[in-house]
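*Asks:* As given, the protein sequences belong to chains A and B, one line each in that order.
Residues 1 to 499 (the working numbering) are what the first sequence spells out, left to right.
Residues 1001 to 1499 (the working numbering) are what the second sequence spells out, left to right.
One or more of the hints may lead you astray.
[Claimed, not checked] For lysine-lysine, the following DSS-like pairs were computed, each having C-alpha atoms within a straight-line distance of at most 30 Å: (1) B/Lys1163 to A/Lys396; (2) A/Lys12 to B/Lys1182; (3) A/Lys294 to A/Lys424; (4) A/Lys131 to A/Lys448; (5) A/Lys182 to B/Lys1448; (6) B/Lys1396 to A/Lys163; (7) A/Lys12 to B/Lys1400; (8) A/Lys425 to B/Lys1020; (9) A/Lys56 to A/Lys20; (10) A/Lys182 to A/Lys163.
Rather than coming from a laboratory, the hints here were simulated on the basis of the structure.
If you want the building blocks of each chain, they are given just below.
Protein chains: 2
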Amino acid sequence: MFPFQTLISIDKNTAFPAYKQLANRLITLIQEGRILPGSFLPSTREFADMLQVNRKTITRAYEELISQNWLEGIPKKGFRIIPDLPLIRPRSFDPRKKKKLKESASEKIAAQAIAQDINLPFVPPEHHLMKSTDIVVNDGFPDANLLPFEELFRAYRRQLNSKKIIQQMALRDDGGLPQLKKSVSGFLNETRGLNISTEEIVMTRGAQMAIYIAATLLLKPGDLVAVTDPNYPFANDVIKQCGAQLIQFPVDADGLDIDLLTEALKKKPIRLLYLVPHHHHPTTVTLSASRRLKLLQLIKEYDLWVIEDDYDYDFHFKSSPILPLASSDHDGKIIYIGSFTKLLATPFRIGYLIAAPAFVRDAIRLRRIIDLRGDALMEQTLTDMINNGELSRHIKKSNKLYMQRCNYLCGLLEERLGNAVSFKKPPGGMAVWLVFNEKINLPELIKKASLSGVYLAGYAYYQKGNENHNGIRFGFASLTEPQMDRAIDVISKLVGENF
Amino acid sequence: MFPFQTLISIDKNTAFPAYKQLANRLITLIQEGRILPGSFLPSTREFADMLQVNRKTITRAYEELISQNWLEGIPKKGFRIIPDLPLIRPRSFDPRKKKKLKESASEKIAAQAIAQDINLPFVPPEHHLMKSTDIVVNDGFPDANLLPFEELFRAYRRQLNSKKIIQQMALRDDGGLPQLKKSVSGFLNETRGLNISTEEIVMTRGAQMAIYIAATLLLKPGDLVAVTDPNYPFANDVIKQCGAQLIQFPVDADGLDIDLLTEALKKKPIRLLYLVPHHHHPTTVTLSASRRLKLLQLIKEYDLWVIEDDYDYDFHFKSSPILPLASSDHDGKIIYIGSFTKLLATPFRIGYLIAAPAFVRDAIRLRRIIDLRGDALMEQTLTDMINNGELSRHIKKSNKLYMQRCNYLCGLLEERLGNAVSFKKPPGGMAVWLVFNEKINLPELIKKASLSGVYLAGYAYYQKGNENHNGIRFGFASLTEPQMDRAIDVISKLVGENF
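Chain A on its own, in the form it takes in the complex:
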């Protein structure tokens, strides 16, 4: 007798019906070749006894198997597994062997597929066990507590009562709701000196997807791409994923070194420059006016494409932010990228890509292939926030608070870490770029700080490949003053051990 009792167990303490559990288990045993095609199953009474379940459970499981074409009822004989199911190779019962097979099949993929890893932001092991008093210092994210959530929820609920949005949710998505594209282009034209129409915009999931789409459309394997060193690491990863080759150029207090880029362009066919000209990531410096003009000339002279990542435009403390490169004349060669995620909070992933209409049409198609459609409720809510001025008010309010927090942090850094770190107070944004004294082992510091409940979760840059900056971004925008006190306290004590 087949050892049904050993191989089948019914869990009565779950919502999943017993008959389904049995049917599914029997199918698995058939698929594994342990119950053979053409063999008979026990009678319903017998089986019910064996498994200590109601006979109805067996009957329903058999009905299920019959309806799924695994089983047939033979009058006066009982229930038989369909005989012409092809015979299956018995399953390997060596879990190690099975594991090895699984892994080797996928290691091949691992080698083929993916860009080299970077120094990923630190995540505490089992971070769901973090204490609520622990402090996470992020890479420069907005403070979600500032968002007018009650109003947002009211707006969401309003959307759902509107027939319009329900209709739109069912339609094909052409890179964002038309009304959102209209509002966003108005917002960008007003704040950034652009002059774009809805034909020149595609909405994405945050700036990251916009970078991914632009690079995928522009690059083929072997292309040369200019970037700064250091650079936003996940942009480097996109470029490597496209099979293109990075050429790195240094950054000084005026931003990217344009003279070195010019020299390189004379010698090599560089196809694309990825640049954050305003509040450069990670260093927060801004490209000077004269270098901007030189860069605009290079675009024309060398047929250079530029991805201008302007993730941080709307948060600038003193003078106005510098207008984007894309606001000047560039014959459609600048792909302009930004994000509303940095204005709201990390769960609200809405970004955009601005380019010439033909490029945007391709970007819409690629976005559909990657992601099919956006979140229409969130898109309509953002549309309303732009149109009724809520977004502008939120930016203004946040900017004021972030400036205070930036000042506070820079005071603390000066006072407590003056010997160990060098930094420059940023002109805006949500993070300070801290470069640690070379004697300090940054990965070690990050690890030790986490043991004291301070998680430095920004991007850390230290010896790996060409990156030898010993620096990390310290996001201040979402931290209160006491939280900053404690974080800097923990860091300065750890740094003290090094001196």
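We have chain A already, so just place chain B on it with the hints.
*Replies:* Chain B alone, transformed into the frame defined by chain A:
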């Protein structure tokens, strides 16, 4: 005198401050080479007169330009554009020429980059002008009105008061919140006979992104990929985007023709099969048990990878759904894909990819490159819905209603369109596959129906390349009976004209 009045206009009816408008406009004029480096701007008094604005506006604009390094104040002389800005090539003033340049630069890209277009789902032109009484017949989407929105909003609000989720929002995203991966793997093990751990799951934006990630990791240009004909068009697009080549196999009442696939495998090195074995898209047929077993053998014999897209598993009307192929022994060669979007509503884009741990690690890296992070609030809400049984209750309730609607629609089709369409009542899911009589011009029908306020927005399949099915999916799940009445009424009248 430079024609400042003609070239600068200040809009006083906007929230954007006048001084910023002026500063931005001046920068543009400098960048365009129309105001030359080293030239003087008018005095503040003069300029205020010219533009009919307050003198303070001019002063603030000049301060802005000085702080941004475009302008310098020369004592007793006035304000001068920084002389050592490099001279710029004057801007082309021929808008047609400029347009041509823009377009030609990007046409090059268009040719290089993107997969061939498909028959995209129909979208009414200017669909934001749709009437609220208009009916959108979608491809098979859930009814958003069934969602317990009040509870969802309460759950969202609860998340925001929890310190934990705010901390997690700042941390690196490893393909979904750990607690969500845990709940989803439990849900899948219970409902689908799988036996996976959190190492074997990565959360994505809907099934589409999971298909994109799996195909990108598995394929290189030139690879051969088996698909059904007809097939889910956006999967074909992903495969083409990877540079791989499609080989199409017919579908009959038992699903994919396995014998033809076997013949092809003997002759050609097919790397991957993309398949929807359960409620096939678009035809809704299910792969028979014996073909399933044959397919599992082919995977072993020919080292074939399979993407099993099981988007529709949870909605099955009579017997239980068929267990996924991935629930049997396949040495990690089946990548199993599904989605919660189909359980909730289109804005809730959360899907998953199940594979061996090494494959999943690569998928997590690629997802981060494409999309950085998910929506932590939505992810936590879904976690709670799974854990407290809300999701199961919702599925049960929806399934019951969808079955009624399916029956109603099939009755209508039989009665009103029996001569013009052939269809088979689906065993579950959210759409019926309608194949129109060859005499009927389907694109024409879709266009005409929209003029009567009935938008057939499902994927339509008609003569284009190899696709010659003259069919469309008619989503019933989100339509009320009167809406279906009206839609079928409009279609049958249009069809009548053809006979």
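*Asks:* Look at each hint and say if it fits the structure.
*Replies:* Status of each hint after checking the structure:
Between B/Lys1163 and A/Lys396 the alpha-carbon distance is near 25 Å, which keeps this suggested pair within the 30 Å criterion. Between A/Lys12 and B/Lys1182, the direct Cα distance comes to roughly 21 Å. Compliance with the 30 Å bound is thereby established for this hinted pair. Only pairs whose Cα atoms come within 30 Å are accepted, and A/Lys294 paired with A/Lys424 is accepted, the gap being roughly 25 Å. Restraint check for A/Lys131 and A/Lys448: the C-alpha separation of about 16 Å stays at or below 30 Å, so the hint holds.
As the CA atoms of A/Lys182 and B/Lys1448 are separated by approximately 28 Å, the hinted pair is consistent with the 30 Å bound. As the CA atoms of B/Lys1396 and A/Lys163 are separated by approximately 25 Å, the hinted pair is consistent with the 30 Å bound. With a C-alpha separation of about 24 Å, the suggested pair A/Lys12 and B/Lys1400 falls inside the 30 Å cut-off, and the hint holds. A C-alpha spacing of about 24 Å is found between A/Lys425 and B/Lys1020, which places the hinted pair at or below 30 Å, so the restraint holds.
Annotation: proposed proximity of A/Lys56 to A/Lys20 holds, straight-line Cα distance about 12 Å (limit 30 Å). Restraint check for A/Lys182 and A/Lys163: satisfied, since their Cα atoms lie roughly 20 Å apart, inside the 30 Å limit.
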